[in-house]
Structure formats: C-alpha cells, structure tokens
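Peer 1: Fit chain L to the given chain B structure using the hints.
Number of protein chains: 2
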Amino acid sequence: MNYNLNFNNIGESYLFAEVANRVAAYSKAHPDKKVLKLGIGDVTLPLAPAVISALHSAVDDMSKSETFKGYGPYEGYGFLRESIQNYYKENGVRVALSEIFVSDGAKSDLGNILDIFSKENVVLVPDPVYPVYVDTNVMAGRKVIYADATEQNGFLPMPDYKINCDVIYICSPNNPTGAAYTRSQLKEWVDYANKKGAVILFDAAYECFITDNSLARSIFEIEGAKTCAIEFCSFSKIAGFTGTRCGYTVIPHALEKDGMNANKLWLRRQSTKFNGVPYIVQKGAAAVFTKEGMSQIKANLDYYRQNAKLIADCMDELGIWYTGGKNSPYIWLKCPYGLKSWEFFDKLLNEVQVVGTPGAGFGNNGEGYFRLTAFGSKEVTAQAVESIKKLLQR
Amino acid sequence: MNYNLNFNNIGESYLFAEVANRVAAYSKAHPDKKVLKLGIGDVTLPLAPAVISALHSAVDDMSKSETFKGYGPYEGYGFLRESIQNYYKENGVRVALSEIFVSDGAKSDLGNILDIFSKENVVLVPDPVYPVYVDTNVMAGRKVIYADATEQNGFLPMPDYKINCDVIYICSPNNPTGAAYTRSQLKEWVDYANKKGAVILFDAAYECFITDNSLARSIFEIEGAKTCAIEFCSFSKIAGFTGTRCGYTVIPHALEKDGMNANKLWLRRQSTKFNGVPYIVQKGAAAVFTKEGMSQIKANLDYYRQNAKLIADCMDELGIWYTGGKNSPYIWLKCPYGLKSWEFFDKLLNEVQVVGTPGAGFGNNGEGYFRLTAFGSKEVTAQAVESIKKLLQR
Chain B
2 MNYNLNFNNI GESYLFAEVA NRVAAYSKAH PDKKVLKLGI GDVTLPLAPA VISALHSAVD
62 DMSKSETFKG YGPYEGYGFL RESIQNYYKE NGVRVALSEI FVSDGAKSDL GNILDIFSKE
122 NVVLVPDPVY PVYVDTNVMA GRKVIYADAT EQNGFLPMPD YKINCDVIYI CSPNNPTGAA
182 YTRSQLKEWV DYANKKGAVI LFDAAYECFI TDNSLARSIF EIEGAKTCAI EFCSFSKIAG
242 FTGTRCGYTV IPHALEKDGM NANKLWLRRQ STKFNGVPYI VQKGAAAVFT KEGMSQIKAN
302 LDYYRQNAKL IADCMDELGI WYTGGKNSPY IWLKCPYGLK SWEFFDKLLN EVQVVGTPGA
362 GFGNNGEGYF RLTAFGSKEV TAQAVESIKK LLQR
Chain L
2 MNYNLNFNNI GESYLFAEVA NRVAAYSKAH PDKKVLKLGI GDVTLPLAPA VISALHSAVD
62 DMSKSETFKG YGPYEGYGFL RESIQNYYKE NGVRVALSEI FVSDGAKSDL GNILDIFSKE
122 NVVLVPDPVY PVYVDTNVMA GRKVIYADAT EQNGFLPMPD YKINCDVIYI CSPNNPTGAA
182 YTRSQLKEWV DYANKKGAVI LFDAAYECFI TDNSLARSIF EIEGAKTCAI EFCSFSKIAG
242 FTGTRCGYTV IPHALEKDGM NANKLWLRRQ STKFNGVPYI VQKGAAAVFT KEGMSQIKAN
302 LDYYRQNAKL IADCMDELGI WYTGGKNSPY IWLKCPYGLK SWEFFDKLLN EVQVVGTPGA
362 GFGNNGEGYF RLTAFGSKEV TAQAVESIKK LLQR
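Line order of the protein sequences matches chains B and L.
Using the working numbering, the first residue of the first sequence is number 2, and each one after it goes up by one.
Using the working numbering, the first residue of the second sequence is number 2, and each one after it goes up by one.
It is possible that some hints are incorrect.
What the hints assert, rightly or not - Here are the simulated BS3-like pairs of lysine-lysine, each with C-alpha atoms no more than 25 Å apart in a straight line: (1) Lys-379(L) to Lys-65(B); (2) Lys-65(B) to Lys-35(L); (3) Lys-65(L) to Lys-299(B); (4) Lys-265(L) to Lys-90(L); (5) Lys-120(B) to Lys-265(L); (6) Lys-65(B) to Lys-38(L); (7) Lys-379(B) to Lys-70(L); (8) Lys-65(L) to Lys-292(B); (9) Lys-258(B) to Lys-120(B); (10) Lys-144(L) to Lys-265(B); (11) Lys-38(B) to Lys-65(L); (12) Lys-310(B) to Lys-348(B).
Said to hold, decoys possible - Have a look at the derived ranges for each label pair, beta carbon to beta carbon: (13) Thr-183(L) to Gly-198(B): 54 to 60 Å; (14) Glu-293(B) to Lys-310(L): 48 to 54 Å; (15) Ala-255(L) to Glu-387(B): 51 to 57 Å; (16) Leu-98(L) to Gly-339(B): 41 to 47 Å; (17) His-254(B) to Lys-258(L): 40 to 46 Å.
To be verified - From the structure, some residues in chain L lie toward chain B, with a derived Cβ separation under 10 Å: (18) Ile-11; (19) Leu-48; (20) Met-140; (21) Ser-215.
FYI, nobody ran anything at the bench for these hints, they're computed from the structure.
Idealized CB from N, CA, C, for every residue including glycine.
Chain B on its own, in the form it takes in the complex (with noise of 0.2 Å):
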C-alpha cells in the first residue's frame, strides 16, 4: 500500500494555527489585557428564534415512531430543496429542484465536487485565495495557476485568453479580499469559461451579505451561466450555521460534455460517498427561508453590516486603501507604513490588541494586506476600531 504522495505537495495550513499561537505568546506575557478578535471568519449571533423553534420540533419528529426519519433523501429533502428554490425565485433566478443538492456546507461540496472532474484538468484559482480551493485540487494532483488579483483591479480579476484552463474557482463578494464582481464582471467571466470549455466553480457563501443591486447573488443571473457554472452556497453566514452544517449546490441540467452530465455524474457521486444531511438540520434550514425566519435572520445580518460599516469607516478616515466591508463581512486593507502583514499583525496585537489575519497568508499578492471581519460582537469591533484609530492617528 502507498499513501497519496500529493500530500506532500500541499502547504502546512499553518495561518490560523500561527495567529492562534502568537495571540496565546501575548495573552500568557500579558494577562491583563484584553485581545480583541477580528480575525477568524466564525459567527458570533445565536440561531434566530424561528429556526431554534423549528429545530425543537424535528427533534420531537425524531422522537416517535410516526413521524421518525431514517434515511433521506441523498439530494435533501424536497421541503428544504423547495424553499432554497423559493429563494432563488425571489431573486431573480429559475432552477429546477432537481438541480438542487443539499449539503453539509460548501466548504465540503467545493472539495468533493473535484470527484466529478478528470485530475489532468488545470485549475485556475485567485491569488489572494481561500485556501481550500488550492489544497483540495493539489491533494489530487492538479495543476493550479493563479490569477493575479491587486490593487491595480481592485482585487477583482478579469480573464485573460492567453491562458487556458479547465476549472475556475470565482468567489463573491470574495474570502478573503471581500471585493464583489459586478454583473457585467461576472459576464466576462461567464463568456470566457463557455469559449474556453472551463466550468466555473462559484462560491456564493457571501452573497447575503450584497445589498449594491448592480452586482450579482448568483452566478445564474448571469446569460450563459447554465452551460459553465456550479454555485455553492451556505447556511454559515446568513444564518449562523457554521457549528449546524447545512449548505446547497446547484448544478444545471445543461452542464455536460461528451455525454456526461454534471449534474448526474454529482448525485451518482453523492449517492456513493454521502448519506444526506440531518433531518433534523433540514428542518432548521428551511425556517431560515419562511417569513418569520427571513425577518429575523436580516437582523443578524444587518448587526454584522454594522459592524462591517464601522471598520470601513475607520479606514476610510484613516485615509487607509481597503475592499469590501460594503457587501461582504471582510475588511480587506493595505498596511500602512508599508508593512507587511506579519509586520502589521504583531503591531495591532502588541500595541493595541486587536487580533487580525495576515494577508501573506492567503498567497503572495496579500502580502501588505490585511483581513479584519464584521463577524464580532458590536461591542468588541467598536472597541477595537477605537483602538486603531487612535494607533494609526497618532
């Protein structure tokens, strides 16, 4: 027996292992002060009401004979698969429940839709990029190449034809940088995948967060986006599953090549290796999308804009270069003094507790930026934009 040797290509994942070791180093020399953490992209708000009321009632479900779950469906439930298609329709955007996959998060679709794809196809990732996107695809043995994401464009990369490839990952409004494509962007990008016979991979785990209407939700609302795109999206951020685990894939019927369909080859492949998402979480998912839910739910996200808008008007009058924190819960601003992340990492933490991530951290261009999130507590964010404003005034 041999091991994956591919393995051995993949980068320790080692950024939040090592803010996590330097914030404890300061803690442990410095026990009275309080750290202020904006760095990790977990959630921080309780479930709404509406989905712990519902969450109650598919445990009582559990808990007789009548109305017990084994088994569900691979694809999710259709109570759930039609809410999502509800919520798609409210946008805009048609798609058939058959195109739609419930899953545990898109972190996991993201990784195990590779399944479905050949390990000779070149992999075109962002660089800042979440680092899944590169990890998964190295594990398999795939060539990825970067594009250049800067400030030049705004962090936001457009094709370019000179280069070839097979599979391209696009996420907006984007982890880490927080930028969002515009419709028309987005186009382009839908333009060049279906001449170039690429399928893109878009995350969509953010798009609760755009309220600019210019720019889109949905890779679907894009015209040919049917013939080149899957989109995965999340329960996380719009409503605070990341510990609950609940997420869904769309994949149009009209994704295929040489006759094989993607959006069989997903559920043979799910049907295979995957044995659907608790009922439970199902039911607590789909009270996201009733009325009583969605009200509740646009709070929360409103408190985390809040807290988004309070950073970015930090750095606004800082006179500081950032993206996002419009749309998307990511501050994502250029060092200043020209410092490097690091360098700017251990100067918040040391002068002014304020834990943040190093943008090196996410690949090469993010070296000299940084990523503060709005997914803290309104209390703790404000105290920390305090903290650094007074810093950087100085």
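Peer 2: For chain L alone, coordinates are given in the frame of chain B:
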C-alpha cells in the same frame, strides 16, 4: 474541462431502485394487498429518550450567545470523542483520543478515506459486497479484485497469500451476509495485511449486534491491527441515527509508511474538505453512551435481535441454509428450490407480499441467495415469517 471518465466504469446502482420498481408495479396491480418490507437496512424505532433530551438541550445551547457554538473541531468535540474512547475501553480496547475522528457516518468516511491512498493501490473486496466499497474505488480509477465468499467458507473468505493487494475491505458482522469473523480468523487477516504491507479498512457498523464473545467487535481487539487497520463505526444501527448522521473513524498513530502517517493525512484531509458534524448531533450521539442512553439503546437492539431470531428460527424450521441472524440484523439465505435471487424475489412478492433483497445485486456470488433484515417492526416481521413458512412448507 473533462469529467472523470472513471464514472463510466461504475455499474448503475439499480438494485434498490429495481426492488422499488417491482414493488410499485405489484402494489399498483394489487392495491388491496399489504406489502411486508424486510428489504432495506434502515431502522424503524425512534431515537431513545436520552438522545432526544440531549438534542433538545443542544438546540437550546444554540439559542443563546453564551452557549452558542460556531465552527467546531474538525475531528469532533472532546466530549463525544471521550465517550467513544470509553466505549472502546469497556470492550477492552485502548485508543488514544487523537486516534478518534467523528464523522457524519461510516459510509462517508469509507469513501472519503480513499483520498489519503495512492490511486495505484489494488483493492481487495469480498464478493458479495456492500456496493459502496467497489464504486468509490472505481470512481477513483483503482483496480478492484475479489475474494470469493461462498457457502463453502460460510461467506467468510480467508486470506490467500498468492494474492497481492494494498487495501482490504472487511465488514464484520457483514452486510449483506450477516456472517461475522471470529477473533482467530481476523488475526489471520491482520497477519496477512502486515505481511503484505496492506491496510485493512474495517467496517464495524454492525458491531453492536454481536453477543457471541468469540467474535471481535473491533479490529483493534486483534494483536497487530494498529499497524495495518482503520476502523469505521456508526451510530446508525446502534442508536437509529440513519437520518441523524453520525459516525466515527479510528486511525491508529502507528499506521504509517515512508514517513507518511495515516492519522495526520486524514486530519489534513478533513480540515481541508470537511467542517465537522453538527454540535447538536454530537450532543445527541454522546447521550448514547450515558448509562440511561445505553440501557434504552440495548432495549432497541433487543427488539431487532428478536426480529432476527424470528426470521432465523423460520429458516431453521424450513431447513433453509443461511448465515447471519445471530450477531447480525441480516439473514442471508439460500433460495429454496434452486431459484435464482430475482426469481425468489418475485415469488415472495407475488405469492406472500414479502419484500427482501436479491443477493445477486451484491455480486456474482450472491446469485441464488437472498437478504432479509431485522429492522422492520415486530408485527411486520412476524407476519412476514408466518407467510414465508406457509408458502415454503406447502
């Protein structure tokens, strides 16, 4: 872009679909007849009260900021892994906490574990076989070879040193045959694997049905297993979690080769392509191992065991050869009158409205055999057994 052409080599997963089709056609033609289903391996009893109570309590945790849980550990919460560790300990097996990974089910992990192995490995599976073992490997382009399970070896094939292989699947108690290896038989497999440098993927999903003390409930009861085996287990059958989704995988630290360590590779795989099992579900799973939970679970298992005994006693009375029925929820019987699997299926369905699963659907050696399961209700099982007796005693 190209799809993964290996998908063209997977057989259609038509077995349960074909069973469903024939049952639907029969029911349509005979709307007055009640069909007794002893086909599928899904449970029928609701979750135990201790589990329900823990689930409710965990839902409440998610409703308050102070107890809300976001992203959890990739490998599962400590409270659940400690419970699993204790469960092993009570069975005389010592595993380290860091050797235990909580998953969303044995099926997912049995498929996903393949990510850490080379595509060049040759895979040995029994015939008949749980189709997932074959399909996941064919999907990845691996060569699959078969070990014959037959009436002669009691459907428990033993190692053949003339055969070289890298990955060995063992499911004991077996699905579909219900046959279970003794400790000394498993020792032969462990010795063979260590000698050949192969890894055993041990599917222990049905270990909770074992009452005979000469049978191993875990591969790690066997000396030498920690250098050659990974174990997959599930809450599906012990606690009726088929629709609640939780399992666990044990990867010994000692399992390594050429500086690559299976435990570390799996942690890297999971942290890249998985985000853990819902907190709520993990709380429910931990309740299975409480004193109260365990006593309720044992009553449920006894219920299914009595169903299995009813079916096995019927076969004894009819003089029909079978495996399983003891230490297993499955009864794998030799079709009477020399009938082929599907012929016997049609006979049972048409003449006494009993539905089982044709053995031929599990592999060539399954032809002429038939699987009945103990997971139905007591009433349905008793009625089916009476009908079968009447039919075959004629």
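Peer 1: The structure should be examined with respect to each hint, and the outcome stated for every one.
Peer 2: Cross-check of the supplied hints:
A C-alpha spacing of about 16 Å is found between Lys-379(L) and Lys-65(B), which places the hinted pair at or below 25 Å, so the restraint holds. As the CA atoms of Lys-65(B) and Lys-35(L) are separated by approximately 23 Å, the hinted pair is consistent with the 25 Å bound. A C-alpha spacing of about 18 Å is found between Lys-65(L) and Lys-299(B), which places the hinted pair at or below 25 Å, so the restraint holds. For the hint pairing Lys-265(L) with Lys-90(L), the CA-to-CA distance comes to about 23 Å; that is within 25 Å, so the pair holds.
The straight-line distance between the Cα atoms of Lys-120(B) and Lys-265(L) is roughly 23 Å, inside the 25 Å bound, and the hint therefore holds. Distance restraint check for Lys-65(B) and Lys-38(L): the Cα-Cα separation of roughly 20 Å lies within the 25 Å cut-off, and the hinted pair is therefore satisfied. Of the pairs offered as hints, the one joining Lys-379(B) and Lys-70(L) holds, with about 18 Å between alpha carbons and a cut-off of 25 Å not exceeded. A distance of roughly 22 Å separates the Cα atoms of Lys-65(L) and Lys-292(B); the hinted pair therefore holds under the 25 Å criterion.
This hinted pair checks out: Lys-258(B) and Lys-120(B) have alpha carbons roughly 16 Å apart, not beyond 25 Å. For the proposed pair Lys-144(L) and Lys-265(B), the alpha carbon gap of about 23 Å is at most 25 Å, so the pair holds. Taken as a hint, the Lys-38(B) and Lys-65(L) pair is honoured in the structure, with Cα atoms around 20 Å apart against an allowance of 25 Å. The suggested pairing of Lys-310(B) with Lys-348(B) holds, with an alpha-carbon distance near 23 Å, which does not exceed 25 Å.
Between Thr-183(L) and Gly-198(B) the beta carbons are some 56 Å apart, a value that agrees with the proposed interval 54 to 60 Å. At roughly 50 Å, the beta-carbon separation of Glu-293(B) and Lys-310(L) lies within the given 48 to 54 Å, and the hint holds. For Ala-255(L) and Glu-387(B), the hinted distance range of 51 to 57 Å is satisfied, since their beta carbons lie about 53 Å from each other. The beta-carbon spacing between Leu-98(L) and Gly-339(B), approximately 46 Å, falls within the hinted interval of 41 to 47 Å.
Separation of His-254(B) from Lys-258(L) is about 44 Å and conforms to the stated range, judged on CB atoms against 40 to 46 Å. Contact between Ile-11(L) and chain B, as hinted, is supported at the beta carbon level, the nearest pair being about 7 Å apart and thus within 10 Å. Below 10 Å, beta-carbon pairs count as interface contacts, and Leu-48(L) has one with chain B at about 5 Å; its hint therefore holds. This hint holds: Met-140(L) has a C-beta 6 Å from the nearest C-beta of chain B, less than the 10 Å allowed.
Interface restraint check: Ser-215(L) against chain B, minimum CB-CB distance 29 Å, threshold 10 Å, status violated.
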